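Trainee: Listed in order, the protein sequences are those of chains A and B.
Here the first sequence is numbered in the working numbering, starting from 1 and rising by one per residue.
Here the second sequence is numbered in the working numbering, starting from 1 and rising by one per residue.
No lab work stands behind these hints, which were simulated from the structure alone.
Predicted model, so just to flag it, every value in this text is computed and none were measured.
There's no promise every hint is true.
As the list claims (entries may be wrong) - Listed next, the in silico DSS-like pairs over lysine-lysine satisfying Cα-Cα at most 30 Å (straight line): (1) Lys430(A) to Lys102(B); (2) Lys313(A) to Lys324(A); (3) Lys269(A) to Lys357(A); (4) Lys430(A) to Lys83(B); (5) Lys102(B) to Lys256(A); (6) Lys324(A) to Lys102(B); (7) Lys142(A) to Lys192(A); (8) Lys407(A) to Lys102(B); (9) Lys102(B) to Lys411(A); (10) Lys430(A) to Lys324(A); (11) Lys192(A) to Lys102(B).
Stated by the list, open to error - So, partial list: chain B residues that the calculated Cβ filter (under 10 Å) puts toward chain A: (12) Val76; (13) Tyr78; (14) Glu80; (15) Ala88; (16) Arg91; (17) Glu116; (18) Arg120; (19) Met124; (20) Gly154; (21) Ser163.
C-beta atoms are modelled at their ideal positions from N, C-alpha and C, and glycine is treated no differently.
One letter stands for each residue in the lines below.
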Amino acid sequence: MFGQKTIKAKVFYLIGVNMQFRWCLLLCCWLGLSAATHAELTIEITQGVDNPTSIAIVPVGGQGNAVGEDISAIVAADLRRSGQFRPVPREDMLSLPRSASEVYYRDWRILGTEFLWLGNLLRDAGGGYTLNFELFDILSQKQVLKHQVSGGADQLRDMAHFASDMIYETITGIRGAFSTKMIYVEAFGNEKYRLMRADVDGARPTLLLESKHPIMSPAWSPDGKSVAYVSFETGRPAIFSQVLATQERRQMTNFKGLNGAPAWSPDGKKLAMVLSKDGNPEIYVLDIASNRFTRVTRHFAIDTEPSWTKDGKGLIFTSDRGGKPQIYQVTLASGRVERLTFEGDYNARARLSADGKTLVMVHRHNGLFHIATQDMASGDIRILTETHLDESPTIAPNGAMLMYATKFRSKGILAAVSLDAGVKFRLPSKQGDVREPSWSPYF
Amino acid sequence: MLSSALKQSLGLALVMAALAGCTSTSTVDGTGNAGTTGADTDTSTESTVSTGSAGDSGLTTRGGQMEESAPAIDTVFYFEFDKSLLNAQSRAALTAHAAQLKSSPRSIRLEGHADERGTREYNMALGERRAKSVRDFLVLQGVDSSMIETISYGEEYPAMRGSSESSYAKNRRVELK
């Protein structure tokens with residue numbers, strides 16, 4: 001219950017100078033890389049649960065006021081975004097306790113507060129910071145969490161997200177995912193495309209790649225260190241993988257036709273993908289170390305959008321072999337193919353939840369494209385979203401939320417919804433069209 | 001005299017079209033903004049196509065009726081949602097293209113596109129299927145398949161922005177370049 005964790009320097013701000021391209025120098029003309037950009041995404045919560053837990057996130061004491069980030073505000077925003085919490089407004093707080101001895105439970109009970117969080121930020125000798133924080137259960141009048149986290153001056157947001165994760169897990173029993181990241185594509189008309197990485201709240205957007213040609217289908221590697229994506233920079237679609245820390249890029253495929261939909265195996269050693277080099281779109285698996293491709297599907301229809309089962313022994317994919325796009329599953333060892341979806345005339349780009357019990361996919365209903373889940377056991381379909389150009393669902397590593405791309409006021413934006421559809425929020429972009437989110441694993 | 005001038009200008013237009021077709025895949029930064037993006041390519045296609053007809057009409061105003069003026073053949077072929085079947089209009093235009101390509105062979109590029117509905121990678125496959133449907137038709141008409149390159153852009157380069165059925169109809173297409 002009492003512990004300490006130091007956030008290591010995991011946040012790499014990418015500098016576009018030390019780029020190592022394995023590819024021809026021409027790339028340098030096409031791919032201008034610059035330092036971090038400012039395409040911030042802002043959060044708009046559109047729906048929360050009916051009875052969110054009331055929690056007071058007291059402004060951080062110590063040096064909390066003297067630093068660039070408002071840690072308490074970040075924590076409160078994290079918890080509010082989960083939809084399961086209703087942070088008490090600061091102006092309603094009757095006192096601002098700095099320690100357990102200053103917590104007067106009755107004051108908070110009057111407000112209907114169920115939990116109270118307080119923290120103190122101290123500057124370390126080395127220039128870094130340490131945040132000590134405590135969580136109290138107001139009803140049972142107990143301290144339920146006491147923790148410490150340290151980091152550099154540029155890691156205050158990470159420290160805040162860490163506190164949010166701890167609070168979330170202590171109260172809900174589910175591991176928090178506020179410290180995770182996302183990668184997405186940002187397009188400016190047909191002229192400029194960017195591959196971006198940001199915190200899941202949209203803060204600290206960082207440029208990974210900029211191109212005059214489309215960038216598609218980013219997929220985060222299971223160790224969180226690399227991203228695979230499709231780039232048209234060579235004049236044709238090709239799959240690249242890029243190490244996030246070093247920006248080192250490697251072209252994985254260069255076949256005639258489609259080179260798309262890369263998906264890392266759970267062990268990170270293989271990439272499933274679609275190639276049409278043999279005539280029409282088929283699913284292949286690339287063994288990365290040996291650079292050997294194995295063909296998985298054999299059908300004259302479209303087979304695409306592979307995604308791994310959690311045990312790495314099978315793939316789910318989209319195929320229109322039945323006349324319309326539906327989700328199928330193939331067992332790699334036997335090659336046996338089984339159809340998974342039957343409801344509706346368009347089910348595509350499916351992903352399995354972490355527990356393997358739920359299929360998340362793009363589902364057409366009354367001509368509109370929504371994100372839907374299908375219970376793997378019962379086959380029941382549930383539509384999670386009301387907007388109608390929804391695509392690219394990506395599930396948080398804790399399985400609580402999923403992010404997807406949609407249109408809002410004719411602009412491409414990201415939005416999120418809980419897997420039970422109870423919580424929804426949007427992340428509108430201030431700049432280009434934002435799409436194709438990929439939620440990181442835990443780091 | 002006029003007709004030879006016309007032939008010359010048409011020939012030039014064809015060469016330019018071929019050149020545009022070739023260069024459209026690689027970015028040439030030297031020519032200013034001569035980009036390769038869909039919008040640019042679209043307009044360059046349009047301009048190469050209209051180069052012929054512009055010369056055409058320019059001559060017409062000066063010299064009257066042109067007997068030999070070859071009507072411009074459609075270079076964009078449209079499709080139904082999630083379909084790659086060629087309609088009658090496309091087949092007619094492609095038959096004319098095939099005749100032309102057989103008499104004066106050149107390399108062509110077929111660019112397949114989809115509207116924004118549905119998933120991006122599925123739309124990549126759909127764009128490819130449409131491009132191949134056009135290719136197969138041309139090959140069936142006797143065009144050398146080695147002269148035809150196909151590429152899909154999926155929904156990445158819409159010809160028309162917006163989320164209306166009229167935009168979608170314009171975006172589900174194959175462009176011959």
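Trainee: Take the hints in turn and mark each one as holding or not.
Mentor: Now the hints, each set against the structure:
no., hint, result
1, Lys430(A) to Lys102(B), "violated (51 Å)"
2, Lys313(A) to Lys324(A), "holds (26 Å)"
3, Lys269(A) to Lys357(A), "holds (24 Å)"
4, Lys430(A) to Lys83(B), "violated (36 Å)"
5, Lys102(B) to Lys256(A), "holds (25 Å)"
6, Lys324(A) to Lys102(B), "violated (36 Å)"
7, Lys142(A) to Lys192(A), "violated (54 Å)"
8, Lys407(A) to Lys102(B), "violated (45 Å)"
9, Lys102(B) to Lys411(A), "violated (45 Å)"
10, Lys430(A) to Lys324(A), "violated (36 Å)"
11, Lys192(A) to Lys102(B), "violated (38 Å)"
12, Val76, "violated (16 Å)"
13, Tyr78, "violated (19 Å)"
14, Glu80, "violated (13 Å)"
15, Ala88, "violated (23 Å)"
16, Arg91, "violated (22 Å)"
17, Glu116, "holds (7 Å)"
18, Arg120, "holds (6 Å)"
19, Met124, "holds (5 Å)"
20, Gly154, "holds (8 Å)"
21, Ser163, "holds (6 Å)"
Of the numbered hints given earlier, the model fails hints 1, 4, 6, 7, 8, 9, 10, 11, 12, 13, 14, 15, 16; all others are met.
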